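Work out the full structure: start from the sequences and follow the hints.
Just so we're aligned, residue 234 is where the sequence shown starts under this note's numbering, counting upward by one.
To be clear, the hints were calculated from the coordinates, so they are not data collected in a lab.
Since this is a predicted model, take the numbers as computed values, not measurements.
Be careful, since some hints might not be right.
[To be verified] Pairwise CB distance ranges, derived in the manner of DEER restraints:
1) L256 with Q340: 32 to 38 angstroms
2) Q257 with V321: 29 to 35 angstroms
3) F250 with R349: 15 to 21 angstroms
4) A301 with M372: 29 to 35 angstroms
5) A338 with H308: 37 to 43 angstroms
6) Q362 with A338: 37 to 43 angstroms
7) P264 with T240: 32 to 38 angstroms
8) H308 with Q340: 34 to 40 angstroms
9) Q362 with A307: 37 to 43 angstroms
10) R333 with S265: 42 to 48 angstroms
11) Y300 with P323: 20 to 26 angstroms
12) S268 with A366: 16 to 22 angstroms
13) A307 with K281: 35 to 41 angstroms
14) A306 with H369: 39 to 45 angstroms
By construction, the Cβ of each residue, glycine as well, lies at the ideal position given by its N, Cα and C atoms.
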Amino acid sequence: MTVQISTFQGGEAFSPFKTQRLLQTLQLAVPSLSSLEARQVFLVATPKPLSQAEQQRMVRLLDATAYAHPKPAAHEVAWWVSPRLGTVSPWASKASDIARNCGFAVQRIERLIEYRLETPQPLSQTQAQALQALLHDRMTE
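Next comes the structure, spelled out in structure tokens:
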């Protein structure tokens, strides 16, 4: 069975206060870190590609926009954090049920967080690993 994945960009993942606090925590590990952006990303798995009308309805349902897949800037890294493989988050279970009740033939909708971090120079592997450890819960994500 073939699964089609559609990607949608959501809003800010956290309040400005929480994002600023997370940036300060990350700067303890990598002081040169200059900015942090955390946004929601939605992955929608369907048996066939969504039509244009279905995409527009999904955008309204998720309060999202179509995802443009932007490339990171020169000294910017982008990481996605998702629930662990093989698990279905409670959010995904409920969102998938709601979408089905709205007439969508979805197999699953999952919410991820896209982190974009900017530094004046590229991160070393050690720095990247330290930041990644602070951005996710390794037991559930």
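So which of the earlier hints does this model not fit?
9 and 14
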